[in-house]
Amino acid sequence: MNNKGISYTLSLMLFSLVFLALGLLFFQHSVEVSELYAYSSFNHKMYETDTSIQNMFSEAFLINSPVTVNTTKTSLTVQQNLPVNFNEQESLMQELKTYVENDFNKVNISLENFFSKHLLTLKPYDIAVKFEDSKTIEIENNSAITGYLVSLSFSNNITGCSINVNNGGSLLLNFSATSSSGSCSGDYVNVADANINFNNNGNAVSYIIDGNGKMTFNSNAITTSEVTVLFTETDNPLLEIPIDIELVDTAFKFSKNSYVTFPSLS
Amino acid sequence: MKHKRSYLKFGNKKGFILTLDLVLGLIILFTIFSITLFFMSRGSESSFGEHQLHRVGSDVVMLIDKQQNLDNLNFDTIETELEELLPGNVDALLRIEGNFSQGNGTIEVGGNIPNEKLVVSGRRAALTQNQTYLLITYYIWARQQ
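Chains Y and R are the protein sequences, given in the same order.
Residue numbers for the first sequence follow our numbering, so the first one is 328 and each next one is one higher.
Residue numbers for the second sequence follow our numbering, so the first one is 2 and each next one is one higher.
To be clear, the hints were calculated from the coordinates, so they are not data collected in a lab.
These figures come from a predicted structure and were not determined experimentally.
Cβ coordinates follow ideal geometry from the N, Cα and C atoms, glycine included.
Treat the hints loosely; a few may be bogus.
List time: in silico DSS-like cross-link candidates among lysine-lysine, alpha-carbon distance up to 25 angstroms [unchecked claim]: (1) Y/K331 <-> R/K15; (2) R/K14 <-> Y/K331; (3) Y/K450 <-> Y/K583.
Pulled a few chain Y residues facing chain R out of the computed Cβ check, cut under 10 angstroms [as the list claims (entries may be wrong)]: (4) T336; (5) L339; (6) F342; (7) S343; (8) G350; (9) S367; (10) S368; (11) K372; (12) M383; (13) I390; (14) V394; (15) V396.
Turn these sequences into a full structure, and let the hints steer you where they fit.
As structure tokens, this is what we get:
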């Protein structure tokens, strides 16, 4: 009789403990699920903030830029009047930075790199088009680059055209500078390096591909220029501008830094 | 001797005590079980709904922006687009703020925020074609079935 009672009590205790453990498990699970959703919602909010700001800056870049950018799967074209004046664009970017930092307290935006470099990078190859100053465009050597198409238009006369192109490389170069009087043009394949110089109304213009593959175009004359970089085909070329967006939330120990990146196919 | 007295005293009530013990035990167990089930269901359902609402709101506002319906800041255009894009079981309110003349810089499009419902909100930055900065705050909730 006594053994039966003990067994009965022990069974009931075991049964209770199993239920209690199950209950605690459910409770713990519900807390974890809640935390998971809270974190997921937070991440989505951060993602939304980041993408909307990136999208806004990319639109500002494309709408209000002295440089027109066109991209295909195999080329990137930048069109601009030299000397380039970035003042209006910089002013808009600064204004947007102020608005965003006021409205989103977890966001810090740095425009320093954008203002100093005026760099445009084509992803995934990291082909960097840089406006070194208002008169100079530079494109660093990149193994994905297959050639350059350069078209320049001047209102004044072109004089003293000097073209020096060496073969032995793999680049294609089509260079064309035209004016109402005089031109300086050439079409080359297997280019290793090139040095093209001429004058326009007394102002020196130079186009150089150095031995390392770096391209530098400098014009002291006023010109409408179009520089196309040809590269190995890619399905999804993206453009990146060095506007640094930083999102920080100490409560969630969250931190993210990103440059403004956007799809670029025309 | 002492044991015998105890046995005599409680012997006839043993069944009752055991039953009482069982009933009390079960009540405590089921109470714990119910409470935990309640927390579990509350935790998963409400958060999941909140998360889904947030995603819907975010997608709808992004589409309205991408389709350039915010460029003219026209109330009717935005309202039509909002009604078209929102799923049937949810309602939303968009508050668009910026440095523009319409509505002294604030436009509100959509339904009225309910007092006794779960309302999820989010914010996006946007830019119109004429370079006006916009702060879009959206509120979204499940519609009364």
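The hints, checked one at a time:
1. Of the pairs offered as hints, the one joining Y/K331 and R/K15 holds, with about 13 angstroms between alpha carbons and a cut-off of 25 angstroms not exceeded.
2. With a C-alpha separation of about 17 angstroms, the suggested pair R/K14 and Y/K331 falls inside the 25 angstroms cut-off, and the hint holds.
3. Between Y/K450 and Y/K583, the direct Cα distance comes to roughly 20 angstroms. Compliance with the 25 angstroms bound is thereby established for this hinted pair.
4. Satisfaction of the interface hint for Y/T336 is found here, the shortest Cβ-Cβ separation to chain R being roughly 8 angstroms, below the 10 angstroms cut-off.
5. With a least beta-carbon distance of about 6 angstroms to chain R, the hint placing Y/L339 at the interface is held under the 10 angstroms criterion.
6. A least Cβ separation of about 8 angstroms between Y/F342 and chain R falls short of the 10 angstroms threshold, and the interface hint therefore holds.
7. The restraint placing Y/S343 at the interface with chain R holds, with a minimum CB-CB distance near 6 angstroms, inside the 10 angstroms limit.
8. Look at Y/G350: its Cβ gets to within about 4 angstroms of chain R, closer than 10 angstroms, so that hint holds up.
9. Nearest Cβ of chain R to the Cβ of Y/S367: about 6 angstroms, under the 10 angstroms cut. The hint holds.
10. Residue-level restraint check for Y/S368 holds (minimum Cβ-Cβ distance to chain R is 5 angstroms; threshold 10 angstroms).
11. Because the closest C-beta pair between Y/K372 and chain R is about 6 angstroms apart, less than 10 angstroms, the hint holds.
12. Contact between Y/M383 and chain R, as hinted, is supported at the beta carbon level, the nearest pair being about 5 angstroms apart and thus within 10 angstroms.
13. Checking Y/I390 against chain R: minimum C-beta separation of about 6 angstroms stays under 10 angstroms; hint holds.
14. Given hint, Y/V394 at the interface with chain R, is violated; its Cβ is 17 angstroms from that chain's nearest Cβ, farther than 10 angstroms.
15. Hint status for Y/V396: violated, given a least beta-carbon distance of 17 angstroms to chain R, over 10 angstroms.
Hints 14 and 15 from the list above are not met by this structure, while the remaining hints are.
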